[in-house]
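S.K.: Residues per chain are reported as follows:
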Amino acid sequence: MTTTTAGKTTTARATPAAKSPASASRLASSIKFKTFAVAFGIVFPVMYVACEWWNLPLFTFHPATNRVDFWWAAGRSGEGPAMYWYGWTVTSLLVGLVVGGLATLLPESVTRKLPLFLVWLLPVLGFIPLAYSLMPFWTK
Amino acid sequence: MLISVTTFWTILLIIHGLLAIALLGALTHQAMSVLLPVRQAAGPAGFVTRFRAVQGAGYATAICLLWILTFLMGAWIYVKYRIYIRIPIEQAGFWKTQGFFELKEHAASLGLGLLPIYWYMWKNAQNPDYDGARKSVTVLLAFICWFNFLVGHVLNNVRGFGS
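Chains as they are written, first to last, in numbering that gives the first Met the number 0: chain A, 0 to 139; chain B, 0 to 162.
Keep in mind that the hints are not guaranteed to be accurate.
[As the list claims (entries may be wrong)] Restricting the straight-line Cα-Cα distance to at most 16 Å, the calculated cross-link-like pairs of lysine to aspartate or glutamate (EDC-like) are: (1) A:LYS139 with B:GLU89; (2) A:LYS139 with B:GLU101; (3) B:LYS79 with A:GLU78; (4) A:LYS31 with A:GLU107; (5) B:LYS79 with B:GLU89.
Hints are computed from structural coordinates only; laboratory data are not their basis.
Could you build all of it, start to finish, from the sequences and the hints given here?
M.R.: Structure follows, in structure tokens:
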């Protein structure tokens, strides 16, 4: 991809950081990290939507009292609302980290087949059930 | 106490907003560079040409760090938002406004899950195998960032900290 800046032609892909193996970090050139990142990118949105849909927070936070309950807990009478978003996000992160880590143990012939397009398609599709679950807000 | 509680949370909100603006600028430059790449010399470069002629790979690490910092600041002020902002918004009947905030929190989390592969693909931008996915992920992150920024801005207009 060739770019032009003020009449000067450069190659956008071949940036110094991307071109030079010496300046690229070991992480960026690691096939295992790529496997982890793809698996994490696929698992995270699926887990997040599942956590929100079936209400599976790792913990529940009660902001009025700063109390934390493990797993799901209803808001207590007189103690304000309960918050689940922190718990959904942490659950998704942990499952993503574990599955991503396990994926790095698989042979490269298997991990190479992980479809890369899912890392952007799944989050896009995830917005459909997430927006649908907010129907009470849209219809009131 | 040097400052009031309200001032403290307002300062945190402003920091959250400033981080979001930095993230918005970086992601918009990067998204434009992949959506409308400048391909050939055609006379002197104008503002739009220079805007989209950035080298996207150099933004990747900064964007990841900014997303995480903005996310953490947002998660922090969300504690106060839940009680001092959301409840009055619900009492006033601004249900759709609150619905968009709920969507904003989901979008921020989904964006967080994209960061490892986004970073990897930009750090390997010379590999054409990643071009399509890298473009899609970058545009998606930019869209989420704009959406979240605008929703946050409107919410602050509806009821900010200290109002």
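S.K.: Tell me the hint numbers this structure goes against, listed in increasing order.
M.R.: none
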